[in-house]
Amino acid sequence: MAEAQLAGNRAPGSVAKRRRRRGVIQWVGAVIPVLLAYLLGAAFFTPFFWMVSTALKFPEQTFLTPPKWIPWPPNWQNFPDALSYIPFWTYTLNTMKIAVPAVIGTILSCTLVAYGFARIKAPGRDLLFGICLSTMMVPWAVTMVPMFIMFKQLGWYGTYLPLIVPHFFGSAYYIFLFRQFFMTIPMELSDAAVVDGCSQLGILGRIILPSAKPIIVTVALFTFNGVWSDYLGPLIFITRREQYTLALGLTHFLDFQTPLWNLAMAATTVAVIPVLLMFMLAQRSFIEGITLTGVKG
Amino acid sequence: MAVAAGTRTRAPRTLTPKTRSFLTMLAFISPWLIGFLWFFIYPTLSSLYYSLTEYNILQSAKWIGLENYADLMHDRAFWNSLGNTVYYTVISVPLNIVVAFTIAAILNRPMPARALMRTLVYVPVVVPITATAMIWMWLFNANWGMLNALLDLVGIKGPAWLGSPSWSKPSLIFMQTWLVGGSILIYLAALQDVPRSLYEAAEVDGANALHKLLNVTIPMVTPAFLFSLLTGLIGAFQVFATAWIMTNGGPVKSTEFYVYYLYMNGFRFFRMGYASAMAWLLFGLVLIVSFFTFRTSARWVYYGGQS
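If you read the sequences in order, they're chains E and B.
Residues 1 to 297 in our numbering are what the first sequence lists, from first letter to last.
Residues 1 to 307 in our numbering are what the second sequence lists, from first letter to last.
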């Protein structure tokens, strides 16, 4: 584009012809990326389309070559069937039993810790924060086996405690998110509060947290999504089927040589919908949370 | 919280302000500090100890020195799992960086419905991995799956995907490109931060689109490349859940990855010591690779924008 412009400036000639060609090049240069973007959007959406399409098929339509792309009339019966085929609502409730305390624990612990790292000037603070961040680089597979042994010795194996309690002790990633946010609040506000006799805890509760609502929402959503999606944790620590979380229980459909794909996809659709809704509703905080961690850290 | 308040009020007057603030800070970060000792230092060290023992949970651990490590060196399944993981990592990580950057570059231009497109490419990331695995198993299905149906439309006979030893790893790598949304967002943010003045200066110098990409855009987003390279490497070394759900490590152990074999040893064969030795070798591998990446990053990462 730039070169065409420069070339045009350099050589006066059939200006109209050049201008027309420049127009075409510009138009093609502008349209192709847009088309590519829409193709990408469609490609990324395709698996969801296949999921929903299968979720609405009758059993005999599921195994067809070529496939029936849009089943008509849709077989809505798959949804009640799928949700009773596995104890779907029990699994959902089980997941909530972990997710709700996990979210509370994460918010409580991470805001406290982040306040310490962000707002209290003390020797050794930055070193400790560096250690905190570096724990993110350690593969979870390293601690997986000893954590299992430890929780088994504590008698927590087979309960939800191993999946809940660690959330009350902060998580490096969310501490980092909160710290980044807390640092943007002017220190003068804290100083003024100290002069007024406010304790550090009072500053956190009365000044910092009220202004940190967006980041609290982000971390709460991340944590909820993390628990909702967690597969490995429940796989290791949960023993009985009636305790399964949804992420673990969904795989019941795979227990057969030829799974009932229409039911499996119906249950998967229902499991995915809350996450999608949540994301749509809180898209901005989600995206801000992600990009905050990236290059700007 | 009681601790935090207590330290502050009970601190004797003789403490210097520095000590006082240190104790206050310590009180605030105490949840993390306790968690760090309880869920990180203790498990890491005990894992080192277990790696030197034979331990099946039922009987107490028996010290055997470096035997687990020596056994691993002769374990063909171990080398197979390491080979599978290296294969997966070496292809998946660079591929995902290229794919994510390309998508970000396309979506960085103004266009109608751009927000919708960004949502579409990001949304797979928030889908539970179980759901992702199940959707893709069905997409990959050799007989009735959508991928082979689409290939059929253009006259190509599709492979067996997850059912074929030579296609199983490429299939999982392909699926992983559906999950690059996080990197896309980071690149988009990095692209937004490139000062417009740099492009204008390049245009004055007669740069075309390719020159601008190579000499302005890419150098300016290298910190984002480093970030996604590191997180991508650590993630790829630990690939597990997808293989566990979708292929059970097969066919013919072609998707038995490192952590998969580690998990089998720990939780199926109850060879906790052996699994711990594997964990420590993985830890060492990740440390070496991260260290190497950081060391070379000085040569290719450009922090000019930040200083």
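Hint data in this document are derived by calculation from the structure and do not stem from the laboratory.
Hints may be right or wrong, so weigh each one.
[Said to hold, decoys possible] Calculated cross-link-like contacts (lysine-lysine; reagent style DSSO-like; alpha-carbon spacing at most 27 Å):
#1 B:K18 - B:K157
#2 E:K68 - B:K18
#3 E:K68 - E:K17
#4 B:K18 - E:K121
#5 E:K17 - E:K97
#6 E:K152 - B:K62
#7 E:K213 - E:K121
[Said to hold, decoys possible] Restraint ranges, calculated between C-beta atoms of paired labels, are given here:
#8 B:D71 - E:S199: 52 to 62 Å
#9 B:I57 - E:L64: 40 to 50 Å
#10 E:L161 - B:P17: 32 to 42 Å
#11 E:L39 - B:G250: 45 to 55 Å
#12 B:G158 - E:M278: 32 to 42 Å
#13 E:I70 - B:L116: 55 to 65 Å
#14 B:G83 - E:F256: 23 to 33 Å
#15 B:A209 - E:K17: 46 to 56 Å
[As the list claims (entries may be wrong)] Below, a sample of chain E positions facing chain B; criterion: calculated Cβ distance under 7 Å:
#16 L39
#17 F256
#18 L260
#19 I287
Think of the CB as a built atom: it goes at the ideal place given N, C-alpha and C, for glycine as much as any other residue.
*asked:* Checking each numbered hint in turn, tell me which of them this model violates, lowest number first.
replied: Hint check: 1, 2, 3, 5, 11, 13, 15, 16, 17, 18 fail, others pass.
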